[in-house]
Amino acid sequence: MLRIEQLGREHPEAEQDVKDMLVFLAQTPNDRGIVR
Amino acid sequence: MTLIHPSALIDPKAQLDSSVQVGAYTTIGPHVRIAAGTRIGSHCVIEGHTTLGENNQVFQFNSLGAVPQDKKYAGEPTELVIGDRNVIREFCTFNIGTALDRGVTSLGSDNWIMAYVHLAHDCQVGSHTIFANNTQLAGHVQVQDWVILGGFTVVHQFCRIGAHSFTSMNALLFADLPPFVMCQGQPANARSMNFEGLKRRGFSALRIKVVKGMH
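If you read the sequences in order, they're chains A and B. When the count follows our numbering, it moves up by one through the first sequence with no breaks and lands on 36 for the last residue. When the count follows our numbering, it moves up by one through the second sequence with no breaks and lands on 1215 for the last residue.
Hints are computed from structural coordinates only; laboratory data are not their basis. Keep in mind that the hints are not guaranteed to be accurate.
Quick list of in silico lysine-lysine cross-link-like pairs, DSBU-like style, CA-CA up to 30 Å [to be verified]:
| no. | chain 1 | residue 1 | chain 2 | residue 2 |
| --- | --- | --- | --- | --- |
| 1 | A | LYS19 | B | LYS1209 |
| 2 | A | LYS19 | B | LYS1071 |
| 3 | B | LYS1199 | B | LYS1212 |
| 4 | B | LYS1212 | A | LYS19 |
| 5 | B | LYS1013 | B | LYS1071 |
Make the full structure from the sequences, and use the hints.
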């Protein structure tokens, strides 16, 4: 997560893409998890 | 030119724009609303509290707005809401929502839904998606914009599919698929990011590099 946040800070043009990813991950319940 | 085939059964209470076309033997219920330019093929059943926006193309043999396949459903007036300019190919089944969730099953605009797709109760699908043949979504699934689901993709109930993601044919999803990710397998595993899709949608090289970095 920290690495993804860092990417957003380094590349403002892609800030929204990073935000979309972080919001999505934050909303995923732990018991379901994500496709890895 | 007659836009409504004489054999179509349209409830007098249904609200259809005068430009709506309805094919032979299609049945449309009393709580259905259909906006301008939408074409309904033959042998469709559109029922329940179902709303279709403008310029949709609904091919023959579709069932839109039937009651949910959920034992807890008790006849509540829940809805199916479909946006504009969607293409819905043959034999799709889209059910209305349930009172225990939002009460609405929704499909945005500019989606291309191929044959035999099932949208279960309370699914929320965004816009600009492509669902290939036999994609099956269980109840409460959320699909964000620009997603492409390969043929025979099956999604477990309550899962979320992130924007710009892509599934291969026969993918089986039991977990959330993050934005931009390509996945494959049963159960699905992440394989890469959807770089080709992003290029086609005009993502700059830098944005694609950042997406790659998030993998």
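Consistency of the hints with the structure:
Distance hint between LYS19 of chain A and LYS1209 of chain B is fulfilled; the C-alpha atoms sit about 15 Å from each other, no more than 30 Å. Taken as a hint, the LYS19 of chain A and LYS1071 of chain B pair is broken in the structure, with Cα atoms around 38 Å apart against an allowance of 30 Å. Simply put, LYS1199 of chain B and LYS1212 of chain B have alpha-carbon atoms about 13 Å apart, close enough for the 30 Å limit, and the pair holds. A threshold of 30 Å between alpha carbons decides the hint, and for LYS1212 of chain B with LYS19 of chain A the separation of about 15 Å falls inside it, so the pair holds.
Using a Cα cut-off of 30 Å, the hinted pair LYS1013 of chain B and LYS1071 of chain B holds, with the two alpha carbons roughly 29 Å apart.
The structure shown violates just one earlier hint, number 2.
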